[in-house]
Amino acid sequence: MVRFIVTCWLVWGTMAAASAADELGSVVSRVDRLLEQHWAARGLTPARPATNAELARRLTLDLLGRVPTVRESEPLLKESDKTAAAAAKGGPLDPVSDAHAGHVERLLRSAEFPLYFGTVLDEMVQGRMAGNESFVDYLRQSLATGKSWERVFREVLAGGAEGESAKQAALFVDKRVKDIDQLTVDTARGFFGVDISCARCHDHPLVADWTQFHYYGLAAFLRAPGGNKSKTDAAADSDVKFLARNGQEQTARMMFLSGKPFEQWRTAVPTPAEETARWSPRRRLVEMALDDRHFLSRSLVNRLWEQFMGRGLVEPVDQMHSSNPPSVPGVLELLAADLADHGYDPRRAIRVITLCRAYRAASQLEEPSTSPAPVPAAPTAPGPMAPGPTAPGPLAMPPTAQAAAGDFAAMRLKPLSPRQYAVSLTLAAGDQAFDEPSASERRLGRILQVEGLTQAERTLEMETAFGPLLPRFDPRTADFQSSAREALFVSNSEAIQRLVAAEGKNLAARMAQTADDAAAVTMAFAALLQRPPTASERELFGKHLQGAAESVTSASARSERCADVVWALATSAEFRFNH
Amino acid sequence: MNAPNAGVSSAASSSAASAPAAFTPQAARLVAALKTPQALLAMVRDANRNRLLGAGLDGQLYAVDLAIWPPAGAANGNATDGNATDAAAAAKEAAAKEAAAKAAGGKDSGKKDAADVLRRDAVKLWSLHDNYVSSLAVHDEVLVSASFDRTLAWWNAATGERLRTVPAHDGWVRKLAIVPGLPGGAAETAAAGSWRVVSVGDDMVAKVWDGATGALLATLRGHAPRSPQGFATALYAVAAHPSGRFVAAADRAGECLVWEVSTGAVAARFTAADFYTYDAAKRARSIGGIRALAFSPDGSKLALAGIGQVTNVDGFVGPARLELWDWQAARREYAGQAKHQAIQNDLQFVAASAMNDWVVTAGGGDGGGALAFWKPADAAPVHLAKPEGHAQQLLVDLAGGRLFLAGHGGFQIWRTN
Amino acid sequence: MASHAASHAYHRRAMLRGAFAGVAGFSAAGLSGGLGSGGVPGLGGLSSLFRVGEVAVGAAEPAAGPAATPLKLAGKRVIFLWLAGGSSQFEMWDPKPGRETGGPFRSIATRVPGYQIGELMPKTAAIADRLAVVRSLDTGISEHEQAADLISAGRPKEPALDYPEIGVVMAKELAARESTLPDYVSLFTTSEGRRRPRTGFLGARHSPLLLEQGLRPEFVTPPEGVDATRYAAREELRRLMSGRFAERRAGADMVDGYNAAYQRVRGLMAADHLFDLERESADARERYGRTPFGEQCLLARRLIEAGVPVVKVARGFWDSHHDNFESHRELVPDFDHVFSVLVSDLAERGLLDSTLVMVLSEFGRTPTINKDMGRDHYADAWSIALAGCGVRGGVIYGKTDEDGRKVVDGRATAWDLAATLYRAVGIDPKKEYHWGPRPVPLAKEDARPIEAVLS
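Protein chains in written order, with this note's numbering: chain U, 1 to 579; chain D, 1 to 417; chain H, 1 to 455.
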């Protein structure tokens, strides 16, 4: 299957590369323009573009779920000074560098991408029930074979996947089928970006969009014959009876979230002879959702945006309704239409997002002293309708700092997910075998024309090792909270101590064998932070390594100090966050 | 789904079918629902007046005239209770409903909302207690009731006259049963006309009473006063051995004790732990318990019913469960579970044929009401019917092809032929 | 900088407060004042003012004078008992014996003349003169998550603004700056149904210390082979690196919370003995009992006594859709015992006057007894109880009809309740936080504290 995409890629690459790239470029530019207009209207100056080295770390974490290895980041480190200088001059609409665009493509083609991104999609779709290995593997396989999101959606809800993967895809429904309410709420959240759980017991108190008929209308599609645990009465054909708050019994017919009842579609949907009763109502739901396009595409695009930008265009990502508009006008609709027009290919949306200016912005805000003068908000129709606070006072905060997270004027820090943190920590503090393929692995990669086979295999092996660590780390939630629990674990557990302590050819051991303190510090920074230390950092950490020179230096004391440097860098916010 | 003898119309069947043919679980169907204002917890058959008596949350006694639903094979009899004309009319209506149901044929016999079900209100008789009535028993002309008001009360079943009230337990009285045979061990002279009652309560003891005088004959101890986690527990179920020599009681934590009545000595003790769910790491609250007990007709086995391990302690989200124990050896001989998620509150042995005993259990829970027919060779019930609502008590009339339930909504009359 | 290591955590907090106080409204004077008085590079003080999104979240405290905990808040404590899943008012605070809705339990007299309480609560009946009971909550939402959010935040959810839990706000307001202890310890040691207190727009640095695996925080002793000197040295490196990184980052509030978590490590390791119930007398341990809830409440008293301002103990599994009476037979006596011991113990130790004990739940349970002898969710008429700091003992507020279906007197909302709780510990419910430019009063604008239950 890997071969298949690679072939496609090559064909597509040679025949259509130029025009496709242009076409992609024009979508990216339209997104950039919308954001630029938004920034201008809000009087914001976006953060400078990130350097290639910064982008490489960000992108590797976002697409492969780990920090870059020393081998991967070394070339970028050498050019970082140059690009930093160039980047600092960049304007809001500076062009995408070839290096970044090439990097995006390389990572999307890597064998590691489906392996990692399958877990991301799993969390998007499964929510609290994420982590079922078979379902994750189904999503991974879907990404590896270039399955469209439309097809994943269809296979998960209505079946039709081939062979073994049919069972895997069905797990989403199977795990919830006994509880129709859970299935209804999770389907709405996972695929349509709406939380209608309020509407189970009464019309949604705050959102006019959602009535009990929406809830039970959706439930009517999802209800399997018999065996459901629900307040709904599953006796009738496909209608669902429920008690409204006034105590009156109501009957909900199958109705999509858009408010369209199924009746209008009954004739439009051919019922294949082989269609089993079990799948039939869900298949109707799939047809209606795909015809609607709106809910499915907007939800995926918004969740991907959230994944890459740290915040959705609509936030929270499961609250997409009329009274909660996107924070930047136009972008969501543009991306959603583009996704639907391009066969619901998640890679398509990822390309657009990772190439746009907002993704390429630095996470560091402008210095107060060096920032350009604030551009006053210039609403086209000033007057009593002008929203928000009045123009900033003479001593206002610099423009970027005034921006809200939803303005995307700077890259918001993203806490590493437990998985990203565990893999990155294991990798950066470990030996360098991860991307050191054996001769046969190298050969196989060349034959199959696939990059990252070795890394993917090692990551899969690592999964069992880091599994127990995952619940110890704070989850990457919308309102990320650092707990003292994680800090205590990372500070005091033997598990973390074993990772950082010098052993074999791991980072602390390699540092300890490096006689030159500055070189050892540089080595640690390169492995963990993908950048050289600043002068003051070199001095600070150098001093720490020297510490024992005053007393009797033993090899083990130096090893310990090296381990402590690894620990300090690995627990610094710079490592803990994607920036 | 029709029973083999479905071709015989009820009106025409004057020749009685053989007893086993009157008990075909797969044919079990609801024919009448007799409503009470609040749920019933207790039910007993008053043979002298051919009626069912029931009581529950509102403390009132309710009755159903069984003449309206005569045994299978019998002609519609004469109603014996209340206004004869009214009862005759009811019997006529009931027969018509059943005939219509037969005529419709082919329908799922267990289907609960069939229009053919006769629906009436049960007849209210008199007030028993001012708290929940948990159990009833009838001995000849005497009705005994047990209540959460901690007392037992004796009544003239014909007139409703209160014969006596006895403070019985320091806590809710959960269940009572008639102990067959005469009171007294070797040391005691049996008085003619005497009979015995055993009750269990939340003071975690079983007490044996002289049915004729209300005198306490024995207090049987041995159940733990607290749950294994140190919380309140309950003694839910009691049963008397067919010989009258032994009584058994079982609690929330799954512990079952059998005593010799005459000496008060513990004759057997075992724990059926699967009936009790407590997961300290996940939930820290218990649910379950052995809710029903019965000795087999030959006295060798003790059947226990309740719910298996519960996945969500907020409700009866666990499998309906039945166990059979060789109680003298304290050895479990059978454990069966239904996929249906419900607790079983009552059980009855049914000697449907010489070869095979059936056990019928009834209850309710997350999966709705449950009426389960078990052959204790199969791991799961052979047949599961769905009563209306949650059933608390069960009576099988084997020869008559009838089955009675009491619980949420009131009484239910089922046919099993 | 290394020289302040020992005390810098409190320093930083003080500095931040000072800075916030100065920059209320983000005036330039405040900004420069913050920078000037900060003088400690790399501590994240600056970054806190430059965050994207939740622009500096700072209480609009009086700018004049050194920031200090207002006198009326000094030494105030809160024990927050959360009966997760929805406890039944019928079986506890508002019995209706003999009614169709009343269930099988009877009621008993209490020390408050005329007030009858559920028979499962004889020990609480004996201390009823110390309690205020509100029997007239009408909070509308009867779905767990949304109702729990409503009651614990004290206001309806807004998609755009995530409100903090009442306990988090109280911890923020009541925390003494010089304390080395956590501001808020939250216990929920069973794994199912666990909800963590939301810090909402106040941000991650107000996260409580969560005790979820047991009664003691895990990993409170250094790994083998790492002595105190080495431990301090590597933490100092971490702190410097992390602090520098926070400067001017978009989302620096998360870094602040992250660094604050590490700053708490040392204090928590030093406070380990507070979590050690073996240090309590055998009498005290027996008195509270060996049930999980008993031990958790004893721990809560220990922590409160040591100066932790807010401790929450969540006791779950009240959601009795089936078998309501059996579950309340198990749960209520345990609650009755532990709650009455806790209140009495606080009183004996002279802590009750300064400690608010609040018993909340997401909703009550239905008057109708369902087919499975259960009670379902009911938010239209239910009860909560308070004791201690700021509470007028012996007040039974509000009334429901004879079947407990409707509030007939003293209807109170979730926000009325929140305002009452804030007032009880001396926090002004009208006090405003700022979320970006938007002033956000602690309690909803139209909240009316229930004056009758306040002393």
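A hint or two may mislead.
Short derived list, chain H residues pointing at chain U, Cβ under 7 Å [unchecked claim]:
id	residue
1	S207
2	L209
3	L215
4	R216
5	M241
6	F245
7	R248
8	A250
9	G257
10	Y262
11	L268
12	F275
13	R279
14	Y397
15	K406
Keeping only pairs whose Cα atoms sit at most 30 Å apart, straight-line, the calculated DSS-like set for lysine-lysine is [as the list claims (entries may be wrong)]:
id	chain 1	residue 1	chain 2	residue 2
16	D	K282	H	K157
17	D	K282	U	K175
18	D	K124	U	K241
19	D	K35	D	K97
20	U	K175	H	K123
21	U	K175	D	K339
22	D	K282	U	K178
23	D	K35	H	K157
24	U	K241	H	K444
25	D	K97	D	K124
26	H	K371	H	K399
27	D	K282	D	K375
28	D	K102	D	K282
29	D	K282	H	K399
30	H	K123	U	K178
31	D	K282	H	K406
32	D	K386	U	K241
33	D	K386	D	K375
34	D	K97	H	K371
35	U	K178	D	K92
36	D	K35	D	K92
37	H	K406	D	K35
38	D	K35	D	K282
39	U	K178	D	K124
40	H	K123	D	K124
Don't read these hints as lab results, they were simulated from the structure.
Owing to the predicted nature of the structure, the values given are computational and were not obtained by experimental measurement.
Idealized CB from N, CA, C, for every residue including glycine.
Hint check results:
Nearest Cβ of chain U to the Cβ of S207 (chain H): about 4 Å, under the 7 Å cut. The hint holds. Hint status for L209 (chain H) relative to chain U: holds, with the closest Cβ pair at about 5 Å, below 7 Å. Interface restraint check for L215 (chain H): the shortest CB-CB distance to chain U comes to about 14 Å, outside 7 Å, so the restraint is violated. With its C-beta approaching chain U no nearer than about 11 Å, R216 (chain H) sits outside the 7 Å limit, and its interface hint is violated.
Interface restraint check: M241 (chain H) against chain U, minimum CB-CB distance 4 Å, threshold 7 Å, status holds. Checking F245 (chain H) against chain U: minimum C-beta separation of about 4 Å stays under 7 Å; hint holds. A cut of 7 Å between beta carbons decides the hint on R248 (chain H): the least distance to chain U is about 4 Å, and the hint holds. Because the closest C-beta pair between A250 (chain H) and chain U is about 4 Å apart, less than 7 Å, the hint holds.
Given hint, G257 (chain H) at the interface with chain U, holds; its Cβ is 4 Å from that chain's nearest Cβ, closer than 7 Å. A cut of 7 Å between beta carbons decides the hint on Y262 (chain H): the least distance to chain U is about 5 Å, and the hint holds. Hint status for L268 (chain H): holds, given a least beta-carbon distance of 6 Å to chain U, under 7 Å. Annotation: F275 (chain H) was flagged as interfacial toward chain U, and the flag is violated, the nearest CB pair being 12 Å apart, outside 7 Å.
Taking 7 Å as the C-beta contact cut-off toward chain U, the hint placing R279 (chain H) at the interface is violated, the least distance being around 20 Å. With its C-beta approaching chain U no nearer than about 26 Å, Y397 (chain H) sits outside the 7 Å limit, and its interface hint is violated. For the restraint placing K406 (chain H) at the interface with chain U, the shortest Cβ-Cβ distance is roughly 14 Å, beyond the 7 Å limit, so the hint is violated. With a C-alpha separation of about 29 Å, the suggested pairing of K282 (chain D) with K157 (chain H) holds against the 30 Å cut-off.
A C-alpha spacing of about 20 Å is found between K282 (chain D) and K175 (chain U), which places the hinted pair at or below 30 Å, so the restraint holds. Taking the CA atoms of K124 (chain D) and K241 (chain U), the gap is about 33 Å. The hint is violated against a cut of 30 Å. Annotation: proposed proximity of K35 (chain D) to K97 (chain D) holds, straight-line Cα distance about 17 Å (limit 30 Å). Restraint check for K175 (chain U) and K123 (chain H): the C-alpha separation of about 45 Å exceeds 30 Å, so the hint is violated.
Distance hint between K175 (chain U) and K339 (chain D) is fulfilled; the C-alpha atoms sit about 16 Å from each other, no more than 30 Å. Of the pairs offered as hints, the one joining K282 (chain D) and K178 (chain U) holds, with about 21 Å between alpha carbons and a cut-off of 30 Å not exceeded. Proposed proximity of K35 (chain D) and K157 (chain H) is contradicted: the alpha carbons are some 44 Å apart, above 30 Å. For the suggested pair K241 (chain U) and K444 (chain H), the alpha carbons sit about 37 Å apart, so the restraint of at most 30 Å is broken.
Between K97 (chain D) and K124 (chain D) the CA atoms are separated by roughly 24 Å; this keeps the pair inside 30 Å, and the hint holds. With a C-alpha separation of about 27 Å, the suggested pair K371 (chain H) and K399 (chain H) falls inside the 30 Å cut-off, and the hint holds. Our distance criterion of 30 Å between C-alpha atoms is broken by K282 (chain D) and K375 (chain D), whose separation comes to about 35 Å. This hinted pair does not check out: K102 (chain D) and K282 (chain D) have alpha carbons roughly 51 Å apart, beyond 30 Å.
For the given pair, K282 (chain D) sits about 36 Å from K399 (chain H) by alpha-carbon distance, which is inconsistent with the 30 Å threshold. Of the pairs offered as hints, the one joining K123 (chain H) and K178 (chain U) is violated, with about 42 Å between alpha carbons and a cut-off of 30 Å exceeded. For a cut-off of 30 Å, the pair hint linking K282 (chain D) to K406 (chain H) is broken: about 35 Å separates their Cα positions. In summary, the hint linking K386 (chain D) to K241 (chain U) is supported, as the alpha carbons are separated by about 19 Å, within the 30 Å threshold.
For the proposed pair K386 (chain D) and K375 (chain D), the alpha carbon gap of about 18 Å is at most 30 Å, so the pair holds. The hinted pair formed by K97 (chain D) and K371 (chain H) meets the criterion: a straight-line CA distance of about 27 Å does not exceed 30 Å. Distance check on the hinted pair: K178 (chain U) and K92 (chain D) sit about 43 Å apart at the alpha-carbon level, beyond 30 Å; violated. Our distance criterion of 30 Å between C-alpha atoms is met by K35 (chain D) and K92 (chain D), whose separation comes to about 19 Å.
The hinted pair formed by K406 (chain H) and K35 (chain D) meets the criterion: a straight-line CA distance of about 27 Å does not exceed 30 Å. About 40 Å separates the Cα atoms of K35 (chain D) and K282 (chain D), which puts this hinted pair outside 30 Å; it is violated. As the CA atoms of K178 (chain U) and K124 (chain D) are separated by approximately 40 Å, the hinted pair breaks the 30 Å bound. The suggested pairing of K123 (chain H) with K124 (chain D) is violated, with an alpha-carbon distance near 39 Å, which exceeds 30 Å.
In the structure shown, a violation is registered for the earlier hints numbered 3, 4, 12, 13, 14, 15, 18, 20, 23, 24, 27, 28, 29, 30, 31, 35, 38, 39, 40, in ascending order.
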